[in-house]
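Chains as they are written, first to last, in my numbering: chain Z, 194 to 416; chain P, 194 to 416; chain E, 579 to 868; chain D, 579 to 868; chain Y, 211 to 444.
Since the hints were derived computationally from the structure, they do not count as laboratory data.
Backbone N, C-alpha and C fix where the C-beta goes; we use that ideal spot for every residue, glycine too.
One or more hints might be untrue.
Unchecked claim - Listed next, the in silico DSSO-like pairs over lysine-lysine satisfying Cα-Cα at most 27 Å (straight line):
#	chain 1	residue 1	chain 2	residue 2
1	D	Lys759	E	Lys817
2	Y	Lys294	P	Lys275
3	Y	Lys286	Y	Lys388
4	P	Lys230	P	Lys365
5	D	Lys594	Z	Lys230
6	Y	Lys217	Y	Lys296
7	D	Lys659	D	Lys759
8	Z	Lys334	P	Lys228
9	P	Lys334	Z	Lys230
10	Y	Lys217	Y	Lys286
11	P	Lys327	E	Lys817
12	E	Lys792	D	Lys837
13	Z	Lys230	E	Lys708
14	Y	Lys217	P	Lys204
15	Y	Lys432	Y	Lys296
16	D	Lys605	D	Lys659
17	E	Lys589	P	Lys230
18	D	Lys659	E	Lys817
19	P	Lys327	E	Lys654
20	Y	Lys288	Y	Lys244
21	P	Lys321	E	Lys638
22	E	Lys749	D	Lys594
23	E	Lys589	Z	Lys334
24	D	Lys817	D	Lys849
25	Z	Lys204	Y	Lys351
26	Y	Lys327	Z	Lys204
To be verified - Quick look at which bits of chain Z chain D covers, simulated, 3 or more residues with Cβ under 8 Å:
#	segment
27	305–315
28	326–333
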Amino acid sequence: MDWQPLVLTFKLAVVTTAILFVVSIPIARWLSSTKSKIRPVLETLVSMPLVLPPTVLGFYMLVVFSPENAFGNWLNEWLGIKLIFSFGGLVVASVIYSLPFMVQPIQAGLSSLPSTLKEASYTMGKSKMTTLLKVLLPNIKPSLLTGIVLSFAHTVGEFGVVLMIGGNMPGKTKVASIAIYDEVEALNYVAANSYSLILFTITFFILLLVYLTNGGYFKRYSQ
Amino acid sequence: MDWQPLVLTFKLAVVTTAILFVVSIPIARWLSSTKSKIRPVLETLVSMPLVLPPTVLGFYMLVVFSPENAFGNWLNEWLGIKLIFSFGGLVVASVIYSLPFMVQPIQAGLSSLPSTLKEASYTMGKSKMTTLLKVLLPNIKPSLLTGIVLSFAHTVGEFGVVLMIGGNMPGKTKVASIAIYDEVEALNYVAANSYSLILFTITFFILLLVYLTNGGYFKRYSQ
Amino acid sequence: MISLNLKKTLKSAGGKIDLNLQLTIEKGQFVTLFGESGAGKTSTLRMLSGLLRPDSGTIKVGETIWFDSHKNIDLKPQQRKVGYVFQDYALFPNMSVRQNLEYALQKNQDRTIIGELLEFAELGELEQRKPETLSGGQKQRVALVRALVQRPEILILDEPLSALDLKMRIKLQEYLLQVHKKYNLTTILVSHDIGEIVKLSDRVYELQNGSVIKKGTTTDFFGLNKTSAKFRFSGEVLKIQREDVLYVISVLIGNDIIKVVADRTEANNFKIGDQVLVASKAFNPIIQKI
Amino acid sequence: MISLNLKKTLKSAGGKIDLNLQLTIEKGQFVTLFGESGAGKTSTLRMLSGLLRPDSGTIKVGETIWFDSHKNIDLKPQQRKVGYVFQDYALFPNMSVRQNLEYALQKNQDRTIIGELLEFAELGELEQRKPETLSGGQKQRVALVRALVQRPEILILDEPLSALDLKMRIKLQEYLLQVHKKYNLTTILVSHDIGEIVKLSDRVYELQNGSVIKKGTTTDFFGLNKTSAKFRFSGEVLKIQREDVLYVISVLIGNDIIKVVADRTEANNFKIGDQVLVASKAFNPIIQKI
Amino acid sequence: QNNNDKKIIIATAANIESAMLALTNAYAHKTGVKFELIVGSSGKLTAQIMEGAPYDIFVAANMKYPEAVYAGGKAKNKPKVYAKGKLVLWSMIENTPISIAALSDPVIEHIALANPKTAPYGVAAQEVLQHYGLNEILGSKLVFGESIGQTDQFIISRAAQIGFTALSTVLSPEMKGKGSWILINPSLYSNISQGVVLVNRKEETNQGSQGFYDFLFSVEAKEILKEFGYLVDE
Ligand SMILES: Nc1ncnc2c1ncn2[C@@H]1O[C@H](COP(=O)(O)OP(=O)(O)OP(=O)(O)O)[C@@H](O)[C@H]1O
Ligand SMILES: Nc1ncnc2c1ncn2[C@@H]1O[C@H](COP(=O)(O)OP(=O)(O)OP(=O)(O)O)[C@@H](O)[C@H]1O
Ligand SMILES: [Mg+2]
Ligand SMILES: [Mg+2]
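So that you can see chain Z by itself, here it is in the shape it has in the complex (with noise of 0.2 Å):
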C-alpha cells in the first residue's frame, strides 16, 4: 500500500477548503447584499464550473494554463508561476471546481440574517471586516459548515480535473481518488477496495469531528 496518495489528497482537501473559505466570504458577502443588476448573472456565473464534464473543464484548464499560451506563459514569466503538472495546479483547479459548494451556502447563510445584527454593529463604529468577521460569520455557523464539507468531500473525490492538469504524478499529483481510479481501471479491485475504504474511513472520521465538534459534543462534556 503506497500511502502518498491519501497523504496528497488531504493535503489537497485542506489547501484547497481554506482557500476557498477566504476567497469565498468575500463574494458570497457582496452577492447577499449588492442590489447590482448583475448579481443574477454572477451567482450564475460562481456555478457554471460544475456544468462540464470534470475532464473536459481540466483540458480547458490545461490549454489556458499551458505556458504555451499566452496566459500560462505570462503566469510563468511574470510571477513564475506555473499551474500544469504541478500541486499548485491542482489547487487552484479544485479551488475555480468547488468554488459554487463555498459560496452558495455562505451567501444563502447572510441572506438570512437580520439586517439589525449588521446594523447594530455599524453604529458601534465597527468596521465591515471586523462585523463581518465577529458577528456575521459566527452566526451563519451552519452554513459555514455546509460550505466545508461538501468544499472538503468534493475535492477528496475529484479525479477528473485533477488527473488532467495534473498529470499523475506519483508524489507530486497523484492523489487517492487517482491512485483508486487507476486500481479499478487496471482491474484490481482489491487493491481499490483498500484505497477507497481507507479514503472514506479517514473522511468520514474527520467529517464527523466537525460535526462534532459543531453540535456542541466536545463543549458539553468538557464542562
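Please build the complex by placing chains P, E, D and Y with the ligands on the supplied structure of chain Z, with the hints as guidance.
Same frame as chain Z, but now just chains P, E, D and Y with the ligands:
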C-alpha cells in the same frame, strides 16, 4: 450535431433535481430538528457519496445493482427494476451522488429559522406537513435555491458515475457530458467545443432564469 | 376550567430556576400573569400550549387531560388549539398581512372573519404588505388579530400591546374585551402595565422565580377596593422644588402631573422617583369628556 | 445641536409615505418622538444614524455635516457613533451577554464600564448566557446597556422599555436620566408611554404621516402646566353602575381607579372606554410614601 | 427497443474508435447490418461486461481486458489479436527536437505517456525509456494520462512539450499533419496487441456479431486497420 445527448442530459438533470428535492426535504427537516445522538453520524454519511471518485462510486453501484449479484437480482426479479445500463439507473446514481448538495443547504436553512415560526403554526392547528410546506420552506428560499442549483449543475456536469453505471448507450444513457468526453477522447475538439458551448449556454440561461425569478426580477416588472 | 400543575427546571448556562406552579383558571375568565422579567411567565404559557414539555405534572382543560406525565398523555400543540400571540410576533415573512391571517383559518371556516379583523385593526391598507416592511406596532397588530382568526377557546397573549401607541392600545384593549366576551374565551395575558391589567383582567397571578407568590381578583390584587371609600392615587415623584418656605412636589399620576405643597420636613422625606400615594379626604370630583 | 432636514419616500407594496421632516435638537436635550404606529419614527432614527439614506436633505450635528445630498456628504454609521437600541434588540446570538457588551467597547476604552453596566442592569448572574436563553425583558435590558458601553454622544432608543416590568422600567428610566446627564448625552427616544415621556424628556415631537405635526417642551406638549393651578386628571371610563337613583362611574387614572358619582343625564353622556377629565376645585391632597 | 436489438452493439476502447467507425461502416455497407458503438476505457467496459452489460463484441486496446472477460466466463471465445499498435514520439511545438536523446534536454519540461498501469501504450513507452536507461533520469518529467486519449491531450494542449502516443493518433483524420513525430523502433517494446472477444450475453446474442467478428480478420479489414496506423498479421 447530435442533440440526443443534450436532451438526455437536461431530462436527467430535471428528474434528478426533482427527486432530490422531494427526498432531501424530510431528511433535512429531520436532521435540523432532531436531538438524537446519531445525528452527527448521519450528517457525515450524507456527505460521503462525494468522497469517492465518481467512476469508483459508479463501479460500486454497478456491482451492487448488477443482476449478477443478490441485491440487483432481487430488484430485477421481484420488482422488475433494472438499474444498470438504463436511464432509471442514471437517475438513481445521480440522486445518490448529488444528495449532499441538496440536503446540506436545506438543513442549514431550516436550522436558521426562528423556532417561533414553527410554533405559531402548530398553535394554529396546522400539521407538521402543512407547516413545512407553507411556512418553513417558503422562508428558506435562498437555501432551496442553492440546493437546486448545485444539484442541477452537478448532474449536468457529472459523467464518471453515469458513464460507469449507464454504459454510454446512445439515446438511452449517453448524456452530453459523456458525449463531450468521447469527442475529446476521439480528438474531435471542434465537436467537443460546440457541445460544451451549447451545454454551457443552455445551463447558463436555465440558472440565470432561476436566479432572476428568485430575485423577483419578473415580479417587479409584471406589476 | 384550566388546571395547571407544572414542574419544570429551566436550565441555562448561568443558573437554573425550578418552576413549580399550581394554577386554576375558570372558563371564561380573563387572567393576567404578572411578575418580574425572567419569572417564568412565558415558560408557563409555552407549557400550556404544548410548546414546552413540563418535567412532570398535569394540565387539564375542562374534562380533557392535555398533559399528564404519569399517564403519558401529552396532546400536541395542534390538538390544543390555543391562540398564541408571541413576544417576537412570529409573523410568517413569506406571506402578506392578509395571507398571514388566512393561513390561520381552520378547515371550512367562514372567511369573512378575515375582512372583519383586518378592518378592525386598521390593517386594511396594509393587507398586501409583507411583514418586513411593517413598523413594529403594525407587526404587533397583525400578530394579535392572527391569533383571533381561529376563534380559539383559550387565547394566550404574551405582552401583546407593549409596542403600541396609546390610541391603538386602547382600541385593541377594547377589542380584546369584546372578543373575550363574544367568543366566550378564556384569556391569559402577560403584561407589565397595571392600567392595562386592571382594565382587562378578572384575576391576577404574580410569579416570582417560577412560583405563584400572590394571586387574587384584580381589584383585590392591586388593593383597588379601598379606593372606593376615599380618593387615593398612586404616583411617582418627579420633581421637588423649593418656593420660599414651602416645597412643591410634582407627582406623576397616570399621564398627569399634580403638584402637592409640602413643608420642609415633609419634603425631606421624599426623593425623585419615590412611589407615593396622593390622597384627599375631601374630594368632589367633576367628570368631563375630552 | 442636531439639525435634521430630511426627505424620503417610504416605499412599500401597499402605498407610500412621503417623509418630510425638519427637526432641531439642542445638544444635551432628551427628546421624544411620539406618534402613531407607522408615522415614520423608526425611519427618522435610521436616517440620523446612517442606516437609511434620505432621498435628499441635510443632517448636521454640531459643526459637522453628517449628510448633505447636494454636497454629496454621507458619513458612514461607524463615523456617526450613535448608541442605538433597536426595536428587535439585535443582540448577537453568538455572544454571551458579557461578550455582547464587550464587543461594543471602543479601542483602548476602559473595560470597567462593562462590570458597572452589568451590575446596574442586574445582569450579573446572566453574564455568561446566550441571548436565546433570555426572557424578553432580559434581552431588552442587555440591548439597552450595550448601547451605553461606547458612551455615545447621541443615544437613540426605539421603544427601549416596552417589554419591561414596572420595577425594571423605573430603574432603567432612572438610569437613563443619570447617564443622559452624566455623559452629557443627546438622547432621542421613541415611546408611546406618556408617563415615561413626561418623566424623561425635555421636548416632544409628534409625527404623523412622516411630518412633525406638533412639538414643544414636554409640559407644554401635554398641557401639563395647566395642572399647576387646579387639580385635573385624565382617565378612562371603566364601568358605569347604577345605584338607586345615582350612577357611579369608575375611572382608571394611571394605575388607580376612582369612582365619581353622577346623575342620570350626566351618566348617559359617558360610555365605557371614554377618555375623560376628572377635576376638582377643592383639592388639598396629602402625600404619603409607599 | 426492438430496433436497438437488431443492432450489433460493439464496446470499443476509446483510442480505436475512429478505426472501428471505418470498419463498421465498411461492413454495414456490404451487409446492411446496423451497429452501435459504445465507447469507453477498456477497464470500464470490462467491469461493465462482468456485470452483464448488453454488448455483443468487445474490442479492447490490449489483451489483458479481453482475457479478464474470458476468464470471467463472459466471452464466447478466447481473445484474439486483431491489430497491434505502434508507438510514436510526437510534439506539437515547433522546433522541438524529436528524438529519444533530446528527452533529457532541459528545454523539455514534461514528457507525456499513458499510464503503464492501465494502458498498453504506457507499458511500451516505459520499456523504451528503460531500454535507454532514462526511466530514472526522466522520472520527474513524466506525466501520465489515464488513457492514450488523455496523453494526446497533454501533447495537443502543449502542456507537455513531447510525448509517446499511438501511431493511430497522429494518422487520424483530426491530427494528420499536425506537429511532428517519429516512429519508435517496434523492437524496443513488446507487442501492443489489441484483442477482441465475442461477449457471452445472458440474452440471446445478436446473430450478426459472429459475421462482424470474422470480418475483423479479413483482408479488407486489415487494409483499413493499416490505414489507421495499426500493425496487422498478414
Ligand atoms: N430556551 C430556554 N432555555 C433555557 N432557559 C430558558 C429558555 N427560555 C427561557 N429560559 C429561562 O427561563 C427563565 C424564565 O423565562 P421566561 O421567558 O419564562 O420569563 P418571563 O417571565 O416571560 O420574562 P420576561 O418578562 O422577561 O419575558 C429565565 O431565567 C430564562 O432565562
Ligand atoms: N424597509 C422598509 N421598506 C419599505 N417601507 C418601510 C420599511 N420600513 C418601514 N416602512 C414603512 O415606513 C413607514 C414608517 O415606518 P416606521 O418603522 O418608521 O414607523 P414607526 O413610526 O417607527 O412605527 P412603530 O411605532 O409601529 O414602530 C411605515 O408605513 C412602514 O410600513
Ligand atoms: Mg416572557
Ligand atoms: Mg418603529
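Right, here's what the structure says about each hint:
Using a Cα cut-off of 27 Å, the hinted pair Lys759 (chain D) and Lys817 (chain E) holds, with the two alpha carbons roughly 16 Å apart. For the hint linking Lys294 (chain Y) to Lys275 (chain P), the alpha-carbon distance of about 37 Å lies beyond 27 Å, and the restraint is violated. Taken as a hint, the Lys286 (chain Y) and Lys388 (chain Y) pair is broken in the structure, with Cα atoms around 41 Å apart against an allowance of 27 Å. Taken as a hint, the Lys230 (chain P) and Lys365 (chain P) pair is broken in the structure, with Cα atoms around 43 Å apart against an allowance of 27 Å.
About 24 Å separates the Cα atoms of Lys594 (chain D) and Lys230 (chain Z), which keeps this hinted pair within 27 Å; it holds. For the hint linking Lys217 (chain Y) to Lys296 (chain Y), the alpha-carbon distance of about 31 Å lies beyond 27 Å, and the restraint is violated. In summary, the hint linking Lys659 (chain D) to Lys759 (chain D) is supported, as the alpha carbons are separated by about 18 Å, within the 27 Å threshold. Distance hint between Lys334 (chain Z) and Lys228 (chain P) is fulfilled; the C-alpha atoms sit about 18 Å from each other, no more than 27 Å.
Pair hint Lys334 (chain P) plus Lys230 (chain Z) holds up; C-alpha atoms about 19 Å apart against a cutoff of 27 Å. For the given pair, Lys217 (chain Y) sits about 19 Å from Lys286 (chain Y) by alpha-carbon distance, which is consistent with the 27 Å threshold. A C-alpha spacing of about 55 Å is found between Lys327 (chain P) and Lys817 (chain E), which places the hinted pair above 27 Å, so the restraint is violated. Distance check on the hinted pair: Lys792 (chain E) and Lys837 (chain D) sit about 26 Å apart at the alpha-carbon level, within 27 Å; holds.
Between Lys230 (chain Z) and Lys708 (chain E), the direct Cα distance comes to roughly 23 Å. Compliance with the 27 Å bound is thereby established for this hinted pair. Distance check on the hinted pair: Lys217 (chain Y) and Lys204 (chain P) sit about 25 Å apart at the alpha-carbon level, within 27 Å; holds. Between Lys432 (chain Y) and Lys296 (chain Y) the CA atoms are separated by roughly 15 Å; this keeps the pair inside 27 Å, and the hint holds. Only pairs whose Cα atoms come within 27 Å are accepted, and Lys605 (chain D) paired with Lys659 (chain D) is accepted, the gap being roughly 15 Å.
Proximity of Lys589 (chain E) to Lys230 (chain P) is assessed by CA-CA distance (about 20 Å); at most 27 Å being required, the pair is judged to hold. For the suggested pair Lys659 (chain D) and Lys817 (chain E), the alpha carbons sit about 32 Å apart, so the restraint of at most 27 Å is broken. Annotation: proposed proximity of Lys327 (chain P) to Lys654 (chain E) holds, straight-line Cα distance about 19 Å (limit 27 Å). At roughly 25 Å between alpha-carbon atoms, Lys288 (chain Y) and Lys244 (chain Y) fall within 27 Å of each other, so this suggested pair holds.
The straight-line distance between the Cα atoms of Lys321 (chain P) and Lys638 (chain E) is roughly 24 Å, inside the 27 Å bound, and the hint therefore holds. For a cut-off of 27 Å, the pair hint linking Lys749 (chain E) to Lys594 (chain D) stands: about 24 Å separates their Cα positions. For the proposed pair Lys589 (chain E) and Lys334 (chain Z), the alpha carbon gap of about 24 Å is at most 27 Å, so the pair holds. Among the hinted pairs, Lys817 (chain D) with Lys849 (chain D) is consistent with the structure: their alpha-carbon atoms are about 8 Å apart, no more than 27 Å.
For the given pair, Lys204 (chain Z) sits about 22 Å from Lys351 (chain Y) by alpha-carbon distance, which is consistent with the 27 Å threshold. A hinted pair counts as satisfied when its Cα atoms are at most 27 Å apart, and Lys327 (chain Y) with Lys204 (chain Z) qualifies at roughly 25 Å. Look at the segment 305–315 of chain Z against chain D: 7 of its residues bring a Cβ nearer than 8 Å to a Cβ of that chain, three or more, so the hint holds. Check on the segment 326–333 of chain Z: 4 of its residues sit with their Cβ under 8 Å from a Cβ of chain D, so the three-residue criterion for coverage holds.
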